[in-house]
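**Q** Read top to bottom, the protein sequences are chains D and Z.
By the count of our numbering, the first sequence reaches residue 153 at its end, each step adding exactly one.
By the count of our numbering, the second sequence reaches residue 353 at its end, each step adding exactly one.
I should point out that these hints are in silico values taken from the structure, not numbers from a laboratory.
If you're wondering where the values come from, they're calculated on a predicted model, not measured in any experiment.
Check each hint, because a few of them may be wrong.
SDA-like mimics (lysine to any residue), calculated; alpha carbons at most 25 Å apart, straight line [unchecked claim]:
no., chain 1, residue 1, chain 2, residue 2
1, Z, Lys286, D, Thr100
2, D, Lys88, Z, Ile352
3, D, Lys124, Z, Ile241
4, D, Lys88, Z, Gly298
5, Z, Lys226, D, Asp121
6, D, Lys124, Z, Lys226
7, Z, Lys296, D, Thr100
8, Z, Lys323, D, Gly53
9, D, Lys124, Z, Pro229
10, Z, Lys230, Z, Gly247
11, Z, Lys296, D, Asp121
12, Z, Lys286, D, Ile64
13, Z, Lys323, Z, Gly247
14, Z, Lys296, D, Tyr50
15, D, Lys88, Z, Pro229
16, Z, Lys286, D, Arg80
17, D, Lys124, D, Tyr50
18, Z, Lys286, D, Tyr68
19, Z, Lys323, Z, Lys226
20, Z, Lys323, Z, Leu252
21, Z, Lys323, D, Ile64
22, D, Lys124, D, Leu72
23, D, Lys124, Z, Leu252
24, Z, Lys286, D, Ala148
25, Z, Lys286, D, Phe91
26, D, Lys88, Z, Leu292
27, Z, Lys286, Z, Leu264
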Amino acid sequence: MVTPRRIVVGAHYGMGSWLAQRITAVIMALYSVILLVVLIGRRPADYGQWKALFSNGWMRVATLLFAASLAWHAWVGVRDIVMDYVKPDGLRLAMEVLTILLLAGYVLWAAQILWR
Amino acid sequence: MSSAAAKKARPKYLNLPAILFEIRLPVPGWVSILHRVSGALLFFPLAAWLLYLLDTSLASEQGFARVKDHYLQLPVVKLGLIVFIWAYLHHFCAGIRFLLLDLNKGVELAPARRSAVAVLIVSVALTLFFAWRIW
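Work out the full structure: start from the sequences and follow the hints.
**A** Below, the structure is given as structure tokens:
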């Protein structure tokens, strides 16, 4: 039986990843600039001020959004690097799995730090 | 088979020694490869290291003091921080250049070379500034 197959080659395959990498890049760039401005403006010098900064509701959400953006962005980027340089299939698969686990770990760790 | 095809093996794959010693990589090429290198470094180990610092400094008063007054004062830690700052700034500046290129801004040869030189200079200059501030 012939089943319709998803087209996984050609000009449009990868468009989603390409766009996601750019959108997450813009989110992270904005967060970085805002964080730098806040740090320069407030100059948190002791534990109380430092803790208060990352306990702020907006800061928690923005930082977690940054972590999630980083994970998605880095997944696309690291996969590109692995696809370019790692030829043996088994090793490539292993590195991609490790990448996903590490990035998922980063996001969960960030959430744990922010909502402790 | 023509003699030209016999002389040169095609396709030619560029390994690291070839990039460093055999061919002269144009400046946009250096920006591109350094974008990869900085991205890889930020992915691992720098992101994990920064999460560790954030975790320790936010966990308790003692953790904050340990990071601020002891750990961040170690020269090797400051060097690591400077590597992070360079990687972040280069990835940031080169990334903005790529976003503009995606929007067809500055894609001609001359402006593309100028913007590549600007990325290298701005990220190194800002790194030196922050290095001076934290040392």
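**Q** Next step is simple, just say for each hint if it's right about the structure.
**A** Now for the hints, and whether the structure bears them out:
1. Z:Lys286 / D:Thr100: holds, 21 Å
2. D:Lys88 / Z:Ile352: holds, 21 Å
3. D:Lys124 / Z:Ile241: holds, 23 Å
4. D:Lys88 / Z:Gly298: holds, 24 Å
5. Z:Lys226 / D:Asp121: holds, 23 Å
6. D:Lys124 / Z:Lys226: OK: D:Lys124 and Z:Lys226 at ~24 Å, within 25 Å.
7. Z:Lys296 / D:Thr100: holds, 24 Å
8. Z:Lys323 / D:Gly53: Distance ~22 Å between Z:Lys323 and D:Gly53 Cα, so the pair holds.
9. D:Lys124 / Z:Pro229: holds, 16 Å
10. Z:Lys230 / Z:Gly247: Given that 25 Å is the threshold and the Cα spacing comes to 17 Å, the pair holds.
11. Z:Lys296 / D:Asp121: With Cα atoms ~33 Å apart, Z:Lys296 and D:Asp121 exceed 25 Å; violated.
12. Z:Lys286 / D:Ile64: violated, 28 Å
13. Z:Lys323 / Z:Gly247: holds, 18 Å
14. Z:Lys296 / D:Tyr50: Cα-Cα ~43 Å, so violated.
15. D:Lys88 / Z:Pro229: This hinted pair is violated, its Cα atoms lying about 56 Å apart.
16. Z:Lys286 / D:Arg80: Roughly 13 Å separates the two Cα atoms, so the pair holds.
17. D:Lys124 / D:Tyr50: holds, 21 Å
18. Z:Lys286 / D:Tyr68: Holds, at roughly 23 Å.
19. Z:Lys323 / Z:Lys226: violated, 36 Å
20. Z:Lys323 / Z:Leu252: Holds: Z:Lys323 and Z:Leu252 sit about 21 Å apart, inside 25 Å.
21. Z:Lys323 / D:Ile64: It holds: about 20 Å lies between the C-alpha atoms, which stays within 25 Å.
22. D:Lys124 / D:Leu72: violated, 39 Å
23. D:Lys124 / Z:Leu252: With Cα atoms ~22 Å apart, D:Lys124 and Z:Leu252 stay inside 25 Å; holds.
24. Z:Lys286 / D:Ala148: holds, 22 Å
25. Z:Lys286 / D:Phe91: holds, 17 Å
26. D:Lys88 / Z:Leu292: Distance of about 23 Å is within 25 Å: holds.
27. Z:Lys286 / Z:Leu264: holds, 18 Å
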